[in-house]
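Colleague: In this note's numbering, the protein residues as written are 3 to 250.
Simulated from the structure, these hints should not be mistaken for lab results.
Hints may be right or wrong, so weigh each one.
[Stated by the list, open to error] Here are the simulated SDA-like cross-link-like pairs (lysine to any residue), alpha carbons at most 25 Å apart as the crow flies:
#1 Lys192 <-> Val146
#2 Lys130 <-> Phe116
#3 Lys75 <-> Lys126
#4 Lys193 <-> Arg207
#5 Lys75 <-> Ile127
#6 Lys10 <-> Ala57
#7 Lys233 <-> His197
#8 Lys82 <-> Gly69
#9 Lys192 <-> Gly152
#10 Lys34 <-> Phe18
#11 Lys52 <-> Arg207
#12 Lys75 <-> Asn97
#13 Lys242 <-> Val72
#14 Lys52 <-> Ser17
#15 Lys122 <-> Asn97
#16 Lys34 <-> Asp61
#17 Lys131 <-> Phe116
#18 Lys135 <-> Glu166
#19 Lys193 <-> Glu68
#20 Lys71 <-> Ala183
#21 Lys233 <-> Lys22
#22 Lys225 <-> Phe18
#23 Lys34 <-> Asn143
#24 Lys126 <-> Gly69
#25 Lys225 <-> Val72
#26 Lys34 <-> Ala95
#27 Lys233 <-> Glu30
#28 Lys124 <-> Lys75
#29 Lys22 <-> Glu229
#30 Lys34 <-> Ala7
#31 Lys225 <-> Ile67
#32 Lys124 <-> Gln90
#33 Lys34 <-> Ala44
#34 Lys82 <-> Ala183
#35 Lys131 <-> Tyr66
#36 Lys82 <-> Arg118
#37 Lys242 <-> His197
#38 Lys52 <-> Tyr66
#39 Lys233 <-> Ala183
#40 Lys135 <-> Phe116
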Amino acid sequence: MEADARIKIEGISKSFGPIKALRDVNFELGHKEIIGLVGDNAAGKSTLLKIISGAYQQDEGSIYIEGNKVDIKNPIYAQKSGIEIVYQDFMLAPNLDITANIFLGREIYKNWGFMRKLEKDKMKINAKKTLEKLGFDMDINSNVSNLSGGQQQTVAIARALHFEPAMILMDEPTASLSLGAVEELLERVKKVREHGASIIYVSHRIPEVIEIADRILVLRRGKIANELDPKTTNVTEIVKNMTGTSIN
């Protein structure tokens with residue numbers, strides 16, 4: 003394994019009944035690297051992210067983090083291993099404010115005699131600092147339901163970034179965003195990398211993958227079909243790799 007590999011995926015396969023979702027997938031993700039993961043529908047992209055994030059278990063293969071073999075049994079184990087995931091549907095609670103959403107399920111408490119007290123002020127201060135890292139200036143007391151789609155996705159990314167993960171998985175983070183909001187989000191993804199996280203970025207919007215990625219992996223029918231350099235590839239070449247059409 004490369005010395006700078008943050009995670010190594012080795013021989014990962016996954017089936018759902020007779021359907022082979024993933025077949026002997028192998029790749030490495032370096033420190034502060036962004037890998038763009040592309041593929042047609044049912045290529046296995048989301049299945050792969052769910053295995054890395056602990057939602058699914060692989061049938062075969064191994065995962066190594068910083069050179070150590072790990073068994074990612076569930077999402078909590080993944081989080082403890084420094085892996086966070088941002089879904090396309092944001093997974094936010096719309097009737098709660100920004101701070102509450104960032105700490106949802108991982109609130110900060112202080113022991114108060116025989117009781118625990120929610121440390122709201124500390125959470126607000128920490129939430130504001132995390133948003134500032136992303137260049138996001140917003141009232142942290144605002145309800146998420148009052149935010150635009152781009153702002154909501156930024157909150158979802160802030161929730162992942164706050165816990166200082168080694169790796170963030172992004173599954174179609176711009177699927178429901180306008181083109182203007184996409185550009186803002188891509189800048190925030192770059193800021194996530196600046197703060198030390200490695201990223202696997204999944205999107206059906208190929209131009210944004212070319213813009214954001216250091217390397218592009220093409221999944222086709224559950225296998226890595228090719229690795230492309232975003233500096234020298236183009237949309238046509240990527241689509242041909244995704245579909246299996248020969249390139250003349």
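Colleague: Against each hint, give a clear statement of whether it holds in the structure.
Modeller: Here is how each hint holds up against the structure:
1. Lys192 <-> Val146: holds, 23 Å
2. Lys130 <-> Phe116: violated, 30 Å
3. Lys75 <-> Lys126: This hinted pair is violated, its Cα atoms lying about 32 Å apart.
4. Lys193 <-> Arg207: holds, 20 Å
5. Lys75 <-> Ile127: violated, 33 Å
6. Lys10 <-> Ala57: holds, 18 Å
7. Lys233 <-> His197: Distance ~23 Å between Lys233 and His197 Cα, so the pair holds.
8. Lys82 <-> Gly69: Satisfied, since the Cα-Cα distance of roughly 16 Å is no more than 25 Å.
9. Lys192 <-> Gly152: Answer holds: Lys192 to Gly152 is near 15 Å, not above 25 Å.
10. Lys34 <-> Phe18: Violated - the C-alpha atoms of Phe18 and Lys34 are around 33 Å apart, more than 25 Å.
11. Lys52 <-> Arg207: It holds: about 20 Å lies between the C-alpha atoms, which stays within 25 Å.
12. Lys75 <-> Asn97: Roughly 31 Å separates the two Cα atoms, so the pair is violated.
13. Lys242 <-> Val72: Not OK: Lys242 and Val72 at ~35 Å, beyond 25 Å, violated.
14. Lys52 <-> Ser17: Judged against 25 Å, a Cα distance of about 13 Å means the pair holds.
15. Lys122 <-> Asn97: Satisfied, since the Cα-Cα distance of roughly 17 Å is no more than 25 Å.
16. Lys34 <-> Asp61: Between Lys34 and Asp61 the Cα gap is close to 29 Å, so the pair fails against 25 Å, i.e. violated.
17. Lys131 <-> Phe116: Measuring from Cα to Cα gives roughly 31 Å; hence the hint is violated.
18. Lys135 <-> Glu166: holds, 12 Å
19. Lys193 <-> Glu68: holds, 22 Å
20. Lys71 <-> Ala183: The hint is violated at about 38 Å.
21. Lys233 <-> Lys22: The hint is violated at about 32 Å.
22. Lys225 <-> Phe18: holds, 15 Å
23. Lys34 <-> Asn143: violated, 31 Å
24. Lys126 <-> Gly69: The hint is violated at about 36 Å.
25. Lys225 <-> Val72: Satisfied, since the Cα-Cα distance of roughly 22 Å is no more than 25 Å.
26. Lys34 <-> Ala95: With Cα atoms ~30 Å apart, Lys34 and Ala95 exceed 25 Å; violated.
27. Lys233 <-> Glu30: With Cα atoms ~19 Å apart, Lys233 and Glu30 stay inside 25 Å; holds.
28. Lys124 <-> Lys75: Cα-Cα ~31 Å, so violated.
29. Lys22 <-> Glu229: holds, 21 Å
30. Lys34 <-> Ala7: Judged against 25 Å, a Cα distance of about 10 Å means the pair holds.
31. Lys225 <-> Ile67: holds, 21 Å
32. Lys124 <-> Gln90: Not satisfied, since the Cα-Cα distance of roughly 29 Å exceeds 25 Å.
33. Lys34 <-> Ala44: violated, 28 Å
34. Lys82 <-> Ala183: The hint is violated at about 31 Å.
35. Lys131 <-> Tyr66: violated, 31 Å
36. Lys82 <-> Arg118: holds, 23 Å
37. Lys242 <-> His197: Outside the cut-off at roughly 34 Å; violated.
38. Lys52 <-> Tyr66: holds, 16 Å
39. Lys233 <-> Ala183: holds, 24 Å
40. Lys135 <-> Phe116: violated, 36 Å
When each numbered hint is compared with the structure, violations occur for hints 2, 3, 5, 10, 12, 13, 16, 17, 20, 21, 23, 24, 26, 28, 32, 33, 34, 35, 37 and 40.
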